[in-house]
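Using the sequences and the hints, build the whole thing.
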Amino acid sequence: MSSTVITTDGLLPKPQAEEVNYLNVEHTISSWLLTGDHKRIAILYLISTTFFFFLGSVAAGLIRYELTSPAGVALESDTYNKVFTAHGVIMVFGFLVVAIPAVFGNFVLPLCIGARDLAFPRLNLGSWYMYMTGGSIILAGMITGGVDTGWTFYTPYSSMYSNTQVSLVLVGIFIAGFSTITTGINFVVTIHKMRAPGMTWFRLPLFVWAMYATSLQMILATPVVAITLLLVVVERTFKLPIFSPELGGDPVLFQHLFWFYSHPAVYIMILPGFAVVSELIANFSRKRIFGYHFVAFSSLAIAGLGFLVWGHHMFVSSQSMYESIVFSLLSYLVAVPSAVKIFNWTATMYKGNVRLASPMIYALAFLMIFTIGGLTGLFLGSAGSDIHLTATYFVVAHFHYVMVGGVSLAYMGALHYWWPKMTGRMYAEGIAKANAILIFVGFNLTFFPQFIVGYLGMPRRYHYYYFAPEFQAYHIMSTLGSSVLGLGFILPAFYLTYSLFKGKKAPANPWGAHGLEWETSSPPPVTNFLETPIVMDEVYDFDPVSEHAENMKALEKAEQAENTSEGQH
Amino acid sequence: MLKFPLAPPQASNIAKAYDPLFNTLLALTVIFTLIVCVGVIFFAIRYREGSKADRSRPLYEHLTLELTWTIIPTILGLVMFVWGTIVFIKMKNPPKDSQEIFVIGKQWMWHVEHSNGVRENNTLHVPVGRNVKLTMISEDVLHAFYIPAFRVQMGVVPGRYTTLWFNCNKAGEYHIFCNMYCGTQHSEMGGKVVAMEPKEFEEWLANGGQSSAPMSMEQAGAKVYAKVHCDNCHGKEDNLHAPSLYGIYGKRRVFADGTSLIADNEYLRESIVQPYNHITAGYGQTMPAYQNQLSEVDLINLVAYIKSLGSTIEPAPSSLVNRASAITEATHSNSSTTLKTNAEQYNEEDHNATPTHRGKAPAVGAIAAEGKDR
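Taken in sequence, the protein lines are chains A and B. Under this note's numbering, the first residue of the first sequence is numbered 1, with each subsequent residue one higher. Under this note's numbering, the first residue of the second sequence is numbered 570, with each subsequent residue one higher.
None of these hints come from the bench; they were simulated from the model. Glycine included, C-beta positions come from ideal geometry on N, C-alpha and C. Check the hints yourself; a few may be wrong.
What the hints assert, rightly or not - Here are a few chain A residues that sit away from chain B, every Cβ distance over 12 Å (derived from the structure):
{"id": "1", "residue": "E19"}
{"id": "2", "residue": "T133"}
{"id": "3", "residue": "I137"}
{"id": "4", "residue": "T152"}
{"id": "5", "residue": "H192"}
{"id": "6", "residue": "L230"}
{"id": "7", "residue": "M403"}
{"id": "8", "residue": "G442"}
{"id": "9", "residue": "M552"}
Stated by the list, open to error - Partner residues aside, some chain A positions facing chain B, computed with beta carbon under 10 Å:
{"id": "10", "residue": "A74"}
{"id": "11", "residue": "E76"}
{"id": "12", "residue": "Y161"}
{"id": "13", "residue": "G249"}
{"id": "14", "residue": "V252"}
{"id": "15", "residue": "L333"}
{"id": "16", "residue": "T392"}
{"id": "17", "residue": "A468"}
Put into structure tokens, the structure is as follows:
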């Protein structure tokens with residue numbers, strides 16, 4: 001590391017006892033629940049998103065179990081509909097939208113730019129409370145009867161026909177939405193105003209760039225869905241004519257408003273995934289990311305164009321043909337920056353010194369899976385080929401390749417990458433690597449068959465398919481895969497928790513990574529840096545050539561030693 | 570045995586236009602996925618830390634390379650966009666000579682009406698080789714009409730008409746699915762397309778939704794009579810095995826235990842389902858009991874036929890009026906009873922409607938007032 005960081009070394013006597021850090025500075029419950037420290041808030045988010053992820057996964061498991069038989073196994077259709085709605089709502093609003101920004105963005109972003117905290121610490125804590133309030137209301141709705149509309153809440157079913165807890169859950173999502181908006185504002189202000197001296201825009205790690213793009217989308221898109229969902233509640237409660245044609249409304253209007261948010265929401269979910277993968281690939285290839293500017297600007301291009309493609313969800317909705325064609329064209333254009341990113345990440349490894357540590361395995365798995373997820377998006381972005389595939393399991397497979405294979409793998413990668421920084425402990429690397437491969441295999445086994453069964457015509461949100469038994473083989477494969485995948489998500493809970501108590505103490509920079517967050521101790525002190533760091537070097541300033549030369553020297557030495565020892569025998 | 574089909578049937582002109590588009594996209598997907606996967610694995614191995622591969626002059630930025638992998642995907646993307654749009658425009662514009670059929674979606678059934686007023690539920694009969702345009706609307710929530718084998722799908726929206734069209738090119742039966750979530754029984758809101766040769770279709774339409782002219786009750790009963798081989802024993806005259814049924818209706822029958830009854834509907838039905846309750850004097854317990862073997866419709870028709878036996882009046886001519894009674898359910902006797910409520914509900918709404926027998930067995934989607942065995 002060549003950036004000039006004034007640390008305690010030499011200035012202060014090394015403390016004998018354990019250093020005071022953000023974790024051990026205070027231990028009371030109120031010190032956690034009323035904290036303004038972005039790191040503690042990140043931990044609160046980590047625990048709560050994990051809880052929601054667990055609930056969503058249980059629902060997913062139930063769905064997969066139910067689909068092993070063409071006529072269902074255990075559930076009534078009404079219950080099944082509530083289960084898949086719960087899965088969608090909890091995963092999207094409770095986990096995917098929140099997970100990476102709120103956990104890793106919160107924890108790492110200020111560290112990455114050399115700031116002491118986010119710009120508005122109390123607003124940050126408020127975001128968590130809004131998230132928890134929204135989440136609790138959503139759960140209350142699920143417990144007191146559930147919702148059966150699907151996470152998309154299409155009208156007029158949601159506004160006039162469903163007699164489940166739609167209003168309550170929508171209010172929950174509405175409140176949770178504000179948590180996203182305030183987090184976005186916090187990030188944008190922090191990135192603009194709180195960068196350390198010398199941290200210019202083009203020295204920002206790509207993680208920060210993508211977080212910036214994400215935040216813009218959060219701020220601009222979330223209010224639209226918040227209002228839209230509120231309109232549904234208003235129509236349900238007061239029978240005001242908005243979406244229902246019986247009252248004089250327009251049912252398709254809802255879809256426009258909903259996807260105006262929810263398509264950007266896809267990028268709100270995936271851009272943080274890109275953010276993480278950029279970090280992982282650069283740091284574990286030990287090389288500056290290939291085409292830094294292209295990768296950075298592609299995030300912004302995706303964020304911008306992402307606002308203009310919502311209509312590709314509506315090719316069969318009865319929107320005009322010309323509208324569909326324009327949306328189709330724009331959808332093809334938004335695919336290009338994603339492709340650029342993939343190629344740049346792959347090229348980064350060229351002539352690097354690739355370390356296949358567990359976070360890197362997650363990143364590589366992400367690359368391969370996201371490529372398939374992105375390319376299958378082209379089938380759905382082209383109006384002609386979408387007609388047969390829309391709303392089938394092909395779509396289900398596609399967005400799970402993007403959301404689970406993309407976001408969740410990036411999330412797992414981030415968790416393994418920053419775990420030592422967050423907790424100060426190292427986990428068992430061997431089992432973590434094996435787990436990454438387990439998830440990769442389980443994931444593909446689960447979702448690849450769904451592409452085929454979707455192409456055959458299996459509609460999504462179907463409880464029964466006894467009239468089309470030819471679908472069953474693929475459903476069984478998918479369910480088998482999901483149990484492998486489930487195991488892959490359960491294991492980390494054990495070995496990571498174990499590491500908290502028995503893991504080796506983590507050094508400040510266990511990966512030899514480049515970035516300000518690695519220059520402070522693990523876990524970081526309350527103020528992140530004891531002295532404000534001054535950035536003098538470029539981002540990802542690795543030197544693969546000399547590093548390689550050193551590696552070769554070491555290798556030669558080892559060989560020589562081996563030869564001499566062999567000679568002695 | 571589990572089957573692993575890889576593609577749906579290709580049964581329309583739209584499907585013919587669609588599949589090359591899909592396959593090209595598939596090929597591009599496979600190629601690009603391979604490029605990325607091979608690249609990732611190859612680099613990860615060749616440039617793993619400590620490998621001897623050459624690292625001199627590493628690349629960090631390369632404008633030509635960036636432009637290459639920006640422009641090539643853009644061009645390929647635009648080509649696929651244009652192609653997809655051409656297919657899409659074809660899908661969206663039904664030819665002027667299309668035969669129009671109306672479809673109404675409601676929770677949770679499809680109601681179809683043909684131009685001459687023939688109606689059917691959850692089944693759509695179409696002619697092969699003709700352009701067919703569906704004009705659709707919903708009575709309640711959003712639905713979507715989806716025929717995978719034709720690669721056509723369109724939303725069915727309350728308050729406005731939507732259309733889709735196709736030209737089916739292969740006779741057969743294909744799935745219809747509702748592909749927009751619409752509530753409790755969404756997954757059961759489906760049925761089948763029955764694609765028929767044009768001549769057959771015209772006949773079907775002219776016969777009011779049956780593949781042959783409707784039958785009277787006596788005709789239908791005669792079919793049951795032949796099907797279960799009543800005539801093996803019951804001849805024109807009394808014989809060793811069984812009494813004759815000719816002219817039996819309305820006669821007093823004397824039984825082995827000395828009692829007697831008039832042979833009315835009730836008696837004839839009982840003698841079929843439980844023949845040993847009242848055995849005609851002089852005969853043994855040789856007739857099989859048809860309890861649960863024949864449906865009530867079959868029994869009513871059978872009794873009507875027996876009534877007509879030996880009478881001087883010829884069987885009544887066929888008429889459209891009693892076409893519902895022409896259902897011969899002899900083959901359906903094992904159809905599942907689950908989900909019957911659904912089927913009955915349809916019948917309450919419209920007595921000409923077809924009950925949809927979607928039992929746990931593969932699609933038995935019954936066709937409008939038509940027996941399977943004809």
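Against the structure, the hints come out as follows:
At roughly 30 Å, the least C-beta separation between A:E19 and chain B is larger than 12 Å, which holds for a residue marked as non-interface. Chain B leaves A:T133 outside its interface by the beta-carbon criterion, the shortest separation being 28 Å against a cut-off of 12 Å. The beta carbon of A:I137 is kept farther than 12 Å from every beta carbon of chain B, the shortest such distance being approximately 23 Å. Non-interface status of A:T152 relative to chain B is broken: a Cβ of that chain comes within 12 Å, the nearest being about 8 Å off.
With a least beta-carbon separation of about 26 Å from chain B, A:H192 lies farther than 12 Å from that chain, consistent with its non-interface assignment. For A:L230, the requirement that its beta carbon stay farther than 12 Å from each beta carbon of chain B is met, with the minimum near 21 Å. Here A:M403 stays apart from chain B, with its beta-carbon at least about 18 Å from theirs, past the 12 Å limit. Remark: the non-interface label on A:G442 is consistent with the geometry, its nearest Cβ contact in chain B lying 18 Å away (cut-off 12 Å).
Consistency note on A:M552: stated as away from chain B, yet its beta-carbon is not over 12 Å from all of that chain's, at 7 Å minimum. Hint status for A:A74 relative to chain B: violated, with the closest Cβ pair at about 15 Å, above 10 Å. The interface hint given for A:E76 holds, since its Cβ lies 9 Å from the closest Cβ of chain B, which is under the 10 Å cut-off. Residue-level restraint check for A:Y161 holds (minimum Cβ-Cβ distance to chain B is 5 Å; threshold 10 Å).
Evaluation of the A:G249 hint against chain B yields a held restraint, the C-beta minimum of about 9 Å falling below 10 Å. Below 10 Å, beta-carbon pairs count as interface contacts, and A:V252 has one with chain B at about 7 Å; its hint therefore holds. The restraint placing A:L333 at the interface with chain B holds, with a minimum CB-CB distance near 8 Å, inside the 10 Å limit. Hint on A:T392 holds. Least Cβ distance to chain B is approximately 7 Å, under the 10 Å limit.
Given the 10 Å rule on beta carbons, the hint for A:A468 holds: about 6 Å separates it from the nearest Cβ of chain B.
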